[in-house]
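K.L.:
Chains as they are written, first to last, in our numbering: chain A, 1 to 63; chain B, 1 to 798.
Worth flagging that the hints you see were computed from the coordinates, not collected in a lab. Beta carbons: idealized from backbone N, C-alpha and C, even for Gly. There may be inaccurate statements among the hints.
DSSO-like mimics (lysine-lysine), calculated; alpha carbons at most 27 angstroms apart, straight line [claimed, not checked]:
{"no.": "1", "chain 1": "B", "residue 1": "Lys128", "chain 2": "A", "residue 2": "Lys27"}
{"no.": "2", "chain 1": "B", "residue 1": "Lys390", "chain 2": "A", "residue 2": "Lys27"}
{"no.": "3", "chain 1": "B", "residue 1": "Lys366", "chain 2": "B", "residue 2": "Lys390"}
Just so you have them, the derived chain B footprint on chain A, three or more residues with Cβ under 8 angstroms [as the list claims (entries may be wrong)]:
{"no.": "4", "segment": "4 to 13"}
{"no.": "5", "segment": "23 to 29"}
{"no.": "6", "segment": "33 to 41"}
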Amino acid sequence: MSIIALLISISLTIAVIFLGVFLWSMKSGQYDDTYTPSVRMLFDSEVKRGVDKETSAKQEPKK
Amino acid sequence: MTRTDVVAETTCFHCGAACEEIHWRDDKPFCCKGCETVYEILDSNNLCEYYDLNSTPGTKTPAITDTSYGYLDEPEISAKVLTFNSPSFASADFFIPSVHCVSCIWLLENLSKLNRGVVDSKVNFAKKTVHVDFNPAVISLGTVAGLLASVGYAPRITLEQEKKVKPRTDRSLVLKLAIAGFAFGNVMLFSFPEYLGIDQADHTLTRIFAWLNVALSVPVLFYSGIDYLRAAVRSFQQKQINIDVPIAAGLLALFFRSAYDIATATGPGYLDSFTGLVFFLLIGRWFQSKTYESLAFDRDYTSYFPLAVHRLDSDGEWKPVVIYHLVKGDTIRIRNLELVPTDSILLDGSAYIDYSFVTGEAKPVKAKSGDKVFAGGRLIGTAVSLGVEKSTSQSQLTSLWNSDAFKKVNESKYKKIIDRAARNFTWVVLGIAAVTAVYWYVTEPASMWLVITSVLMVACPCALALAAPFTMGSVLRELGKRQLYLKNADVVERMGTIDAVVFDKTGTVTHGQDPDVDLIGELDEAELAKIKLLTGFSTHPLSRFVHDYIRKAASVPVDDFRELPGKGIQAHLQGKVYKIGSAAFTGFHEKLDQSASYVFVSIDDEIKGYFMIRTMVRRNISAMIQRLGNKCKALLSGDHETEKQPMSHIFNESTTLLFNQSPHDKLAYIHELQAKGNTVMMVGDGLNDAGALKQADVGIAVTDDTGVFTPACDGILHGSEISKLDKMLELTRASATILKSGFAISFFYNAIALSFAVSGHLTPLVAAILMPISSISVVSFSTLAVKLVAKRKFKNIT
Chain A
1 MSIIALLISI SLTIAVIFLG VFLWSMKSGQ YDDTYTPSVR MLFDSEVKRG
51 VDKETSAKQE PKK
Chain B
1 MTRTDVVAET TCFHCGAACE EIHWRDDKPF CCKGCETVYE ILDSNNLCEY
51 YDLNSTPGTK TPAITDTSYG YLDEPEISAK VLTFNSPSFA SADFFIPSVH
101 CVSCIWLLEN LSKLNRGVVD SKVNFAKKTV HVDFNPAVIS LGTVAGLLAS
151 VGYAPRITLE QEKKVKPRTD RSLVLKLAIA GFAFGNVMLF SFPEYLGIDQ
201 ADHTLTRIFA WLNVALSVPV LFYSGIDYLR AAVRSFQQKQ INIDVPIAAG
251 LLALFFRSAY DIATATGPGY LDSFTGLVFF LLIGRWFQSK TYESLAFDRD
301 YTSYFPLAVH RLDSDGEWKP VVIYHLVKGD TIRIRNLELV PTDSILLDGS
351 AYIDYSFVTG EAKPVKAKSG DKVFAGGRLI GTAVSLGVEK STSQSQLTSL
401 WNSDAFKKVN ESKYKKIIDR AARNFTWVVL GIAAVTAVYW YVTEPASMWL
451 VITSVLMVAC PCALALAAPF TMGSVLRELG KRQLYLKNAD VVERMGTIDA
501 VVFDKTGTVT HGQDPDVDLI GELDEAELAK IKLLTGFSTH PLSRFVHDYI
551 RKAASVPVDD FRELPGKGIQ AHLQGKVYKI GSAAFTGFHE KLDQSASYVF
601 VSIDDEIKGY FMIRTMVRRN ISAMIQRLGN KCKALLSGDH ETEKQPMSHI
651 FNESTTLLFN QSPHDKLAYI HELQAKGNTV MMVGDGLNDA GALKQADVGI
701 AVTDDTGVFT PACDGILHGS EISKLDKMLE LTRASATILK SGFAISFFYN
751 AIALSFAVSG HLTPLVAAIL MPISSISVVS FSTLAVKLVA KRKFKNIT
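Based on the sequences and whatever the hints tell you, model everything.
P.N.:
Printed below as a string of structure tokens:
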């Protein structure tokens with residue numbers, strides 16, 4: 001039966017680690033804004049530079 | 001095809017508003033110079049992706065005025081706004097109310113493309129803030145704010161910036177909840193063998209589990225549940241018993257009884273119930289704070305206060321200074337529509353001060369040179385110099401709004417149901433505990449203490465504490481979905497008791513926006529520009545319509561500005577007397593069609609023309625008023641009697657229709673109704689009936705732009721939803737019943753549990769089943785009931 005004591009101590013340790021990680025992420029403000037990051041990751045990292053009016057004008061008729 | 005045909009349906013490329021006067025640029029239409037300018041800036045910086053992410057992402061931008069953010073560069077002020085400051089790196093958080101879509105985020109996060117001085121910017125969409133890191137050697141704080149404003153995201157810089165404490169407390173609630181939840185889960189796990197009756201043979205293991213439970217419960221009591229203990233102590237100090245007292249008693253009884261059982265090896269303890277209880281209680285609190293967060297009034301009244309004001313320097317220059325640094329004897333300059341930051345003496349000429357924010361009285365007060373002007377008043381008319389009489393502090397400014405003028409006079413009448421229930425509850429519990437104690441003392445003294453603790457444990461009114469936040473929170477949410485935003489849960493309670501509803505006319509029953517305005521007469525552009533300037537000083541709805549109708553405003557000095565309630569406005573402009581107002585006031589005598597409202601203009605007593613304004617009655621309002629029936633007591637209008645005819649079609653015969661009402665008359669009328677014993681709800685636009693809104697038991701401001709905040713009101717209702725007002729009232733009335741039913745359910749469970757406890761049969765297993773069930777059933781009942789009632793009530797109502 002002593003194996004149970006061992007298993008429980010392991011499971012409890014892991015659970016405490018997860019709790020700690022949650023508390024840390026909470027404190028570091030990761031849950032403060034749950035919307036912006038989801039949008040931010042979809043933005044192009046570099047703003048399109050070469051898109052001037054001529055190319056966009058050319059592209060449009062193709063549609 | 002002519003171009004005007006296109007024009008009729010064109011919407012602004014930037015903000016999506018319909019264009020009346022088109023500005024073309026790169027074959028794209030813009031509704032105003034402001035929108036066009038933003039496009040220009042973005043275009044020249046290759047940032048037009050802004051328009052690809054979302055069509056018409058902008059907000060209508062007034063052309064940038066010279067009310068620049070220069071004052072932010074004053075070291076004292078920037079120190080208040082900056083969150084970090086060093087010679088080559090600084091950061092600041094700006095609150096930007098106009099953030100609303102993906103494009104906004106994209107543009108604001110690409111600020112560095114607009115100005116090299118900006119290092120990085122990060123948006124918090126939920127809070128509508130942007131955090132900007134910049135290099136102060138390249139760009140100053142004021143320029144950063146100006147940069148934001150130039151692309152249509154004017155930051156709102158106010159005293160609020162100073163209280164950054166709020167989000168902190170909120171986070172700690174979640175931490176407490178997390179710890180309680182963690183402990184609850186694990187304690188349940190370790191209690192499982194006990195539930196199933198296994199492992200009876202292995203006593204060491206049972207002991208280990210029990211002690212682990214104690215270890216897990218300690219932080220729950222001393223961290224997660226500490227607020228309840230503190231609140232109970234406080235209520236003892238104030239000699240007032242509230243709901244926290246029995247909760248705290250229950251928590252303590254549960255914990256220490258369990259610890260005792262475990263230490264003496266007489267039982268497994270009730271720690272699963274204990275941690276579960278704290279967990280559920282905290283969920284209730286979290287839900288409550290979430291509700292308030294999402295419904296928080298967009299604008300706090302402190303945001304009206306200026307952060308800085310122009311002060312006359314020793315070398316004769318006007319320099320911006322933080323208002324807290326004003327001392328007696330300083331000379332400051334206040335411009336039109338700015339607030340007076342502190343009590344002072346008027347130094348030059350005369351001025352009109354509008355104290356409606358402070359007193360609720362909309363009529364501006366005239367002050368002559370040498371008169372005292374009080375903090376919180378708003379200047380109407382030309383800029384004046386003031387001599388500071390008193391230094392100022394934030395608490396003083398805030399106390400202005402918290403002054404008696406804005407307190408509900410009869411607040412004490414509405415004792416919170418929950419407190420009343422809690423008080424009775426506590427006495428009943430104590431009574432039961434005492435009776436049981438006596439009984440057991442006589443029959444079996446040995447188990448007396450066990451029974452008493454059991455009684456206190458199960459009596460813990462967890463479900464009772466959950467019923468109110470979940471019911472009220474759900475009601476606030478349901479109303480919020482229908483665009484009625486109430487200040488707090490107390491208003492819901494008060495709304496449920498309303499038996500008289502009084503309406504204002506313009507802006508409430510009729511549309512407050514986009515009326516049909518026609519100009520008849522010969523006014524040239526310069527004269528129109530001056531009319532726009534003058535009407536801007538007035539808060540009367542008709543003035544606003546005229547003001548919005550004219551495009552350009554003049555900037556000339558205004559002398560002897562006077563607003564005569566019920567008549568019109570009058571002023572001297574460049575030697576000419578302008579009168580804008582009613583026919584009698586301006587001397588107009590012809591008979592006109594009675595179905596519209598008119599604003600006449602005379603210059604030097606010569607009628608120059610008039611504006612014909614047809615305001616439309618809001619859709620479906622008549623059906624709503626029919627449904628309200630006898631509850632709809634009156635219509636109070638500042639307009640002329642001629643409006644009576646169209647209004648009488650909408651209202652019942654029993655409704656009193658009063659016209660030519662000054663703000664003071666409106667207030668008096670509400671007062672009269674209350675004296676007759678009615679609980680009155682005033683529905684107005686909050687502009688010229690602030691006093692009435694304040695006096696009424698519930699004052700609802702109807703607005704088509706929810707950014708407006710009147711300190712006097714208890715709630716803001718979007719104009720398009722006014723046709724549901726009667727149903728909203730019914731919902732709040734139903735919510736009182738739902739709340740009471742929630743209480744009944746919780747009492748029912750408590751009664752069952754008490755019967756176990758009193759008879760000495762409360763085993764840990766019984767407690768572990770009964771307690772969560774009672775909490776869960778109360779929460780789901782109140783949430784679902786409110787949802788269901790709301791669904792029923794608002795069915796088929798448009």
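K.L.:
All hints, please: hold or fail.
P.N.:
Results of checking the hints against the structure:
1. B:Lys128 <-> A:Lys27: Holds: Lys128 (chain B) and Lys27 (chain A) sit about 20 angstroms apart, inside 27 angstroms.
2. B:Lys390 <-> A:Lys27: Given pair Lys390 (chain B), Lys27 (chain A) is violated - Cα atoms ~42 angstroms apart, limit 27 angstroms.
3. B:Lys366 <-> B:Lys390: holds, 21 angstroms
4. 4 to 13: With 4 residues closer than 8 angstroms to chain B, the segment 4 to 13 of chain A meets the three-residue bar; holds.
5. 23 to 29: holds (count 3)
6. 33 to 41: holds (count 6)
Hint 2 alone, counting from the list given before, is not met by this structure.
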